[in-house]
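Protein chains in written order, with the numbering used here: chain A, 174 to 574; chain B, 484 to 740; chain C, 59 to 452.
In case anyone wonders, no lab produced these hints; they're calculated from the structure.
The structure displayed is predicted, hence computed values, not measured ones.
Treat the hints with care, since some could be wrong.
[What the hints assert, rightly or not] According to the in silico footprint, chain A covers these stretches of chain C (three or more CB under 8 Å from chain A):
1) 80 to 88
2) 187 to 194
3) 403 to 414
4) 420 to 426
[Claimed, not checked] Calculated lysine to any residue pairs in the SDA-like style (CA-CA distance at most 25 Å, straight line):
5) A:Lys333 / A:Gly356
6) B:Lys574 / C:Gly264
7) B:Lys574 / B:Asp561
8) C:Lys175 / A:Leu309
9) B:Lys632 / C:Arg262
10) B:Lys673 / B:Gln636
11) C:Lys175 / A:Gly216
12) A:Lys333 / A:Ser559
13) B:Lys632 / C:Ala345
14) B:Lys656 / C:Gln265
15) B:Lys733 / B:Gly537
16) C:Lys175 / C:Val164
17) B:Lys673 / B:Ser638
18) C:Lys175 / A:Trp552
19) C:Lys175 / A:Val502
20) C:Lys175 / A:Pro279
21) C:Lys175 / A:Gly503
22) B:Lys632 / C:Gln350
Where is the CB? At the ideal position from N, CA and C, for every residue including glycine.
This is what each chain is made of:
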Amino acid sequence: MAAAARVVAARRPWHVRARRWARANLFSSGWNTLLTAVTLAVGGYITFALLRFVLVSADWGVIEANRRLIFLGRFPQGEEWRVWPPLWAFLLLAGASYGLWGRLRPRDAVVFVLSSAFLYAFMVEGANALLLGIGLALAIGTWAASDALVRGSRYEELAKRITVGGWALLVPFLLFMLAGFGGVRSSLWGGLLLNVVVATVAMEAALVLGVLFALGRASSLPLVSRVSALYIEVIRGAPLIAWIFIGWFVLPAFLPPILGLQDIGLVLRAMLIFSFFEGAYIAEIVRGGLQSVPRGQVEAAHAVGLGAVRTMTLIVLPQALRNVIPALVGQLITLWKDTSLVAIIALTDAVGAAQAAIAQREFIGRQAEVLLFVAFLFWTVAFVMSRLSQQLERALGVGQR
Amino acid sequence: MTSTETRTEAADALTGEIIVCQDVEKWYGDFQALRGITTTVREGEVVVVFGPSGSGKSTFLRCLNRLEEHDAGRIVIDGIELNDDLRNLEKVRSEVGMVFQQFNLFPHLTVLRNIALAPQKVRRMPRRDAEALGRELLERVGIPEQADKFPGQLSGGQQQRVAIARALAMRPKIMLFDEPTSALDPEMIKEVLDVMHNLAESGMTMIVVTHEMGFAREVADRFLFFDEGLIVEEGTPEHFFTDAREGRTKLFLSQIL
Amino acid sequence: MSTIAIPGRAPGFWHRRRTRRLAIQAAFGVLVALILLYLLERALGLQLGFEFLRSRAGFAISHQWATDFSANNSRLDAYLTGVWNTVRLVVVGLLLATFLGVLAGVSRLSSNWLVAKIALVYVEVFRNTPLLIQIIFWYTAVFLRLPPTREGIQLFDLVFLSNRALVIPWAFPQDGIGVWLIVLAGAAVAAWAVRRWRIADEERTGQPGRGNTMAVTLFVLLAAVSYALTDQPLDLEVPTVNPPVNGSFRGMGGGLQVSPEFAGLLVGLVMYTGAFIAEIVRGSIQALPRGQGEASQALGLGAYDRMTLIILPQALRIMIPPLTNQYLNLTKNSSLAVAIAYPELFFVGGTIQNNAGHAVPMFLLIMATYLVLSGVTATAMNVLNRRVQVVGNN
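Just chain A, same shape as in the assembly:
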């Protein structure tokens, strides 16, 4: 067949493809060429100005001097060791998870190496360098072990269960390390550590509360559904900062005078407020997920003899949550960013630390450096969360039936 010879027609050479690509994507018409030129000028200028600031005109000494303040706040000297074991545990679990569920992509490896290099070049020194090294070694070690040895072996299921259990225990472990055996009072927790603690505790509590209130609102019992709906709407009606102020000024008067409850610290109150506030938003997301599960699923579950509770927990809820992963993670990212609001009630979280650093006499006029750095810290975590959610979405096949 004459056409058969064409089957092996070679790929076009790269410069032909590059030219075609540029013509299709940058200069497809006169209008597009103009657009490209204008965007290039504006974007180029902004990139240049930003790079010049970061590399030339900025004075990063203010970050160096206040690194401890930004990361730990007013955490007592000599107690920093409490932070390392939870961090190691986190890195260990992250390595194991990547090995068990992930697939090594060159891009991930590059990001890992670059961020480690960044940490070593600018963030840690002395003993901390060694301690961080232990953590990174743990991460690589568990990744290599679980990827090469455990995955595909008969221990894979067991290892996955242990890892999931480890993640569930991570937050309690963190709290225990901070406060246990003659630990540090919560009023002294600070910096990015405080954001992490408040965020992780509130995330777990808000997810539980959110599912409960969503089930309540979707309940066929009118009283339960009305009360849940009222709670959700009232909470969502006012801004978070108003609720935080209420936790600050009003809450103590409403707590019972037993067990020293009235004296609970600001940090604990912030955790409570965040949990109940974000719980209301999560409830609305979960409710949307519940509505997205086809009625046939409930009918099929009843048909095989499952009761109401099991139908909900085994059939409906898993599908509902799977369907709303993007929105759910979006809300958790919002929660993470919102923890910065504790700076307004005079807690020294990362933003509070930034404000304190800006106020220092020797660093007057260094607002941009400090704020950009702290913004970068928040952004990194939020960005990683959103990427993880995309991977999770793909792995669970959301949007595919």
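Based on these hints, arrange chains B and C on the given structure of chain A.
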């Protein structure tokens, strides 16, 4: 002498080649979907295209009205070459009607508006005329009573018949059908095929991607069998059902019949 | 006739569905009632009246709009001034955020690679950074870092930038404005009528009616002519810088002065909310089946008709509910003003609460105000939503 020539030319025009494809290639990144398609379609001819999924038959159809741009080779529709010239594109699009597997009716417009929209906006037809045309076409596809409903209120078969009417409203010279019955329940397939049958008998040039071989055998003048981006075999329906030459063709036919 | 014996018996009282449901609800109701009773009992021990709002405020408010407030006015007046400051901020913010969001969202889908990537970077950077940091950054690291008034920057004689105020050109209404506004209303009606006529004509003849172009042209023409005839009802001012007196202070006048607080808050809210709106716009357009665009292409509809007749009417229906959510978020997020002391309702309410106590009634009032603001926004958006559905269905 001169008069004979004129007559021959007229005869040529009568049975003239309305679609000419020459070595058409299409790439998606590194994947080559069409590997050199060469074929012609005469006016009034009904061509049925079939082949396994991923064989390039839909891509071929979509290149014919430039929903996809071919990367190499030439396509000439009714004397107009498909290239970067936007004016050509406009002309070709209004001469080639297309019916999709998923109907693609506009859900926010009534059935009648779905049909009348393009004649009004592209053909610059007065609204009253466009809607009269719409009602006439609905009559022709057998659902005049559905004019003021929304697509969502119709059955799949009715929706596909509206889609055919919508394409016909532009008075095309050529109709392309991309698996028009694949998304339909069995009992609705016949009503759509009947409409297409009538259309073929009225002398419309049609290219139909379908696996409804009974229908294909009745209406088609010619079959094209696609596999891996190539026309593997081509011929009359009788040829395919009695002495298909290629092994791939025989295998595929035995699977779908 | 034989009867068939049915084995078993009717369910006992506790096994009936109705009983179960009633019992669960009763238990739940008692629990909720107990909590409410407890809260009420606690609240009764606190100051609950609103009389304190009648007393003299005793503090000044740096920003005022539509009110005339001094420290001698009541606390209620102070609070209302704060409410107006919120309204002003939110209205301007919503308009700008929508504009930016639509621009960025459409850019994300642009066939121009560079434009699409820049829009992507904008969205990813501003969406994933805390709004509080952004606001503080714009305020302290940008607007407060501008040079002092006497060294202020003047751009093209149109904008004046300094750390005391940004001055932009503005048109101030003059005495004759009433007449002109009436003429404008008339012009709007005329333009609307012309548009209707052109559309009817297009439908009759099939020829392009150019209804929108003609209506806009007519309106602009009428507005310009009447503006000239009514003796300039608007006073157009550009910022002016007074000549230095003894080489020291240069005062500034003319134009609209925007404080760094307002500017910082506005830019922060707009950039942040715009990123979210961009994602909504992109998602709504992408949510449409590909076939919609392809079918309109196959019919020969041009790019403009395709966008205005097929894509946008459908995308708008998907867009409006999440867009409403973002509008509500912007309204609530305006309370972050408290971090940079822009006196909107939450800041003023907090100040009153600080001075006078009465935390419970004060916070109830604040929450009620936000509920009203959210209610107004949501209602307006619901009306729009219903209209879009109707427009979509004609």
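Each hint, compared with the structure:
1. For the region 80 to 88 of chain C, the proposed coverage by chain A is satisfied: 4 residues have a C-beta within less than 8 Å of a C-beta in that chain, meeting the threshold of three.
2. Beta-carbon proximity to chain A at under 8 Å applies to 7 residues in the region 187 to 194 of chain C; the threshold of 3 is reached and the given coverage holds.
3. Three residues within the 8 Å Cβ limit are the bar, and the region 403 to 414 of chain C against chain A gives 3, so the coverage statement holds.
4. Counting residues of the region 420 to 426 of chain C whose C-beta lies closer than 8 Å to any C-beta of chain A gives 3; at least three are required, and the coverage claim holds.
5. In summary, the hint linking lysine 333 of chain A to glycine 356 of chain A is not supported, as the alpha carbons are separated by about 32 Å, beyond the 25 Å threshold.
6. Taking the CA atoms of lysine 574 of chain B and glycine 264 of chain C, the gap is near 18 Å; set against the 25 Å cutoff, the hint holds.
7. At roughly 10 Å between alpha-carbon atoms, lysine 574 of chain B and aspartate 561 of chain B fall within 25 Å of each other, so this suggested pair holds.
8. For the hint linking lysine 175 of chain C to leucine 309 of chain A, the alpha-carbon distance of about 33 Å lies beyond 25 Å, and the restraint is violated.
9. With a C-alpha separation of about 23 Å, the suggested pairing of lysine 632 of chain B with arginine 262 of chain C holds against the 25 Å cut-off.
10. For the hint linking lysine 673 of chain B to glutamine 636 of chain B, the alpha-carbon distance of about 20 Å falls within 25 Å, and the restraint holds.
11. For the hint linking lysine 175 of chain C to glycine 216 of chain A, the alpha-carbon distance of about 10 Å falls within 25 Å, and the restraint holds.
12. The suggested pairing of lysine 333 of chain A with serine 559 of chain A holds, with an alpha-carbon distance near 23 Å, which does not exceed 25 Å.
13. For the hint pairing lysine 632 of chain B with alanine 345 of chain C, the CA-to-CA distance comes to about 24 Å; that is within 25 Å, so the pair holds.
14. A threshold of 25 Å between alpha carbons decides the hint, and for lysine 656 of chain B with glutamine 265 of chain C the separation of about 24 Å falls inside it, so the pair holds.
15. With a CA separation close to 18 Å, the supplied pair lysine 733 of chain B and glycine 537 of chain B stays within the 25 Å bound.
16. Between the alpha carbons of lysine 175 of chain C and valine 164 of chain C the distance comes to roughly 12 Å, so the proposed pair stays at or under 25 Å and holds.
17. At roughly 13 Å between alpha-carbon atoms, lysine 673 of chain B and serine 638 of chain B fall within 25 Å of each other, so this suggested pair holds.
18. The straight-line distance between the Cα atoms of lysine 175 of chain C and tryptophan 552 of chain A is roughly 18 Å, inside the 25 Å bound, and the hint therefore holds.
19. A distance of roughly 23 Å separates the Cα atoms of lysine 175 of chain C and valine 502 of chain A; the hinted pair therefore holds under the 25 Å criterion.
20. Annotation: proposed proximity of lysine 175 of chain C to proline 279 of chain A holds, straight-line Cα distance about 22 Å (limit 25 Å).
21. Distance check on the hinted pair: lysine 175 of chain C and glycine 503 of chain A sit about 21 Å apart at the alpha-carbon level, within 25 Å; holds.
22. In summary, the hint linking lysine 632 of chain B to glutamine 350 of chain C is supported, as the alpha carbons are separated by about 19 Å, within the 25 Å threshold.
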